[in-house]
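Engineer: Dock the two chains into a complex; use the hints.
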Amino acid sequence: AQSVAQPEDQVNVAEGNPLTVKCTYSVSGNPYLFWYVQYPNRGLQFLLKYITGDNLVKGSYGFEAEFNKSQTSFHLKKPSALVSDSALYFCAVRDRGDTGRRALTFGSGTRLQVQP
Amino acid sequence: DAGVIQSPRHEVTEMGQEVTLRCKPISGHNSLFWYRQTMMRGLELLIYFNNNVPIDDSGMPEDRFSAKMPNASFSTLKIQPSEPRDSAVYFCASSFSSGGKASTDTQYFGPGTRLTVL
Chain A
1 AQSVAQPEDQ VNVAEGNPLT VKCTYSVSGN PYLFWYVQYP NRGLQFLLKY ITGDNLVKGS
61 YGFEAEFNKS QTSFHLKKPS ALVSDSALYF CAVRDRGDTG RRALTFGSGT RLQVQP
Chain B
1 DAGVIQSPRH EVTEMGQEVT LRCKPISGHN SLFWYRQTMM RGLELLIYFN NNVPIDDSGM
61 PEDRFSAKMP NASFSTLKIQ PSEPRDSAVY FCASSFSSGG KASTDTQYFG PGTRLTVL
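Sequence order for the protein chains is A and B.
Just so it is clear: in the first sequence, position 41 is 41 by the working numbering, and no numbers are missing.
Just so it is clear: in the second sequence, position 52 is 52 by the working numbering, and no numbers are missing.
These are calculated hints, taken from the structure and not from any lab test.
Be aware that a few hints might be false.
Just a few of them, taken from the derived set where beta-carbon distance is under 7 Å, the chain A residues facing chain B [as the list claims (entries may be wrong)]:
hint, residue
1, Pro18
2, Tyr39
3, Pro40
4, Phe46
5, Leu48
6, Ser108
Which chain B residues face chain A? A few, computed with CB under 7 Å, are given here [as the list claims (entries may be wrong)]:
hint, residue
7, Pro81
8, Phe109
9, Gly110
Backbone N, C-alpha and C define an ideal beta-carbon position, used for all residues, glycine too.
In isolation and in its complexed conformation, chain B is listed as follows (with noise of 0.2 Å):
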């Protein structure tokens, strides 16, 4: 299994551009999970999905995030207009749920994309 994929690994950008995250999920997974890492706030949940459904976006900080999943295999994360408090590396998870109390749902992790707003 290739595990959670995510591109890009890198993104550099200019303030007030629109910048756009990319997660493919291990296949088979339901859920997919959007977090963001600073050193100031630690790791922070900014969105989950079930089933493509989003479930709890109460993290995404503000109008300028957006995140999508159109299908089982494919997620985005979009930023416009970034602004440099943005800077931070947002990392993607996926995991199984089978919807009851039994399932754990441990969460696999992609290697994360590093965003830097300048």
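Excised from the complex, chain A in its bound form (with noise of 0.2 Å):
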């Protein structure tokens, strides 16, 4: 079985800092790991995911982030939070050796909050 949980229901901080949203993860073999995030009234959107290699992932708008296998981790990151980025993020995982299964498993989601 596949599990993802993010601690934190929700995430405050000004702009101009650095913000992470953290994401752990529970999986039988390797993950598959993404990020989506979504703007009120719409649909996911894709942000970055790790597949293998380089552990620091980079995405879209910005934002990065860090595999650790050690830790069971992928929190997502940015260096400089922009109040537009105000949203309600999802850690996604899919274990890479269960091919008969292609769904992912999601997060509850953290929202996220950006003080001007």
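Structural biologist: As structure tokens, then:
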């Protein structure tokens, strides 16, 4: 079974400060990991994914995420937050070895509020 | 590319009525997913198809819910009869799967259908 935990319901950060949104995962084998963002009244938008190789993954809008196998984490980061980054962020995982199940398992989401 | 298309964007109906939600996946994608999002339960996978075949419907709440994918470019999610607790935003997503371990199957989401059952 695969699962994702996003321990923070909400993260507050001031504009211009660095931000981190936390995610930990559990899979039987090796993971594919994803981050999605959801703006109000919109669908989820793909931000970035970890497949293999470099543990630091760069994605859209200046976001990046760091894969840490020993801590089973995949935290989302951005060096300087913008007010427009305020949204709901979802982490998702799929077990790379489970070719029978193509579906992702999503976390509960973390609301990011960036204050001007 | 137009992305995943869902219709209607909003649906308001009365309890007991039949509701049909529609989805057109991204052209060339061979996997399609239906999700439901509520404040209480978050984002739940209802069912997914691969090459038009339902693979996992364990998330479908009960027999009132049914989903079909008659061809690669169209899917429906039907609720009959609808109940107030079905009120939610329903998302469709699609991805391309090569079938092997190397396929990451990045999912792309539609804008969602906001369903309100009175």
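Engineer: Return the status of the interface hint for Pro18(A): holds when the least beta-carbon distance to chain B is below 7 Å, violated otherwise.
Structural biologist: Violated, about 26 Å.
Engineer: Close enough to count: is the Cβ of Pro81(B) nearer than 7 Å to one in chain A?
Structural biologist: Cβ of Pro81(B) sits 27 Å from chain A, so the hint is violated.
Engineer: For the hint on Ser108(A), just tell me whether its beta-carbon gets within less than 7 Å of chain B.
Structural biologist: holds (5 Å)
Engineer: Close enough to count: is the Cβ of Leu48(A) nearer than 7 Å to one in chain B?
Structural biologist: Where the cut-off is 7 Å and the nearest Cβ of chain B is about 10 Å from Leu48(A), the hint is violated.
Engineer: Given Tyr39(A) as an interface hint, is its Cβ closer than 7 Å to any Cβ of chain B?
Structural biologist: violated (11 Å)
Engineer: Hint validation: Phe109(B) versus chain A, beta carbon distance must be below 7 Å. Holds or violated?
Structural biologist: holds (4 Å)
Engineer: Next item in the hint list is Pro40(A). Is there a CB on chain B closer than 7 Å to its CB?
Structural biologist: violated (11 Å)
Engineer: For the restraint on Phe46(A), tell me whether the closest CB of chain B is nearer than 7 Å.
Structural biologist: holds (6 Å)
Engineer: Against chain A, is Gly110(B) within 7 Å by beta-carbon distance?
Structural biologist: holds (5 Å)
In summary, the structure is inconsistent with hints 1, 2, 3, 5, 7 from the numbered list given earlier, while agreeing with the others.
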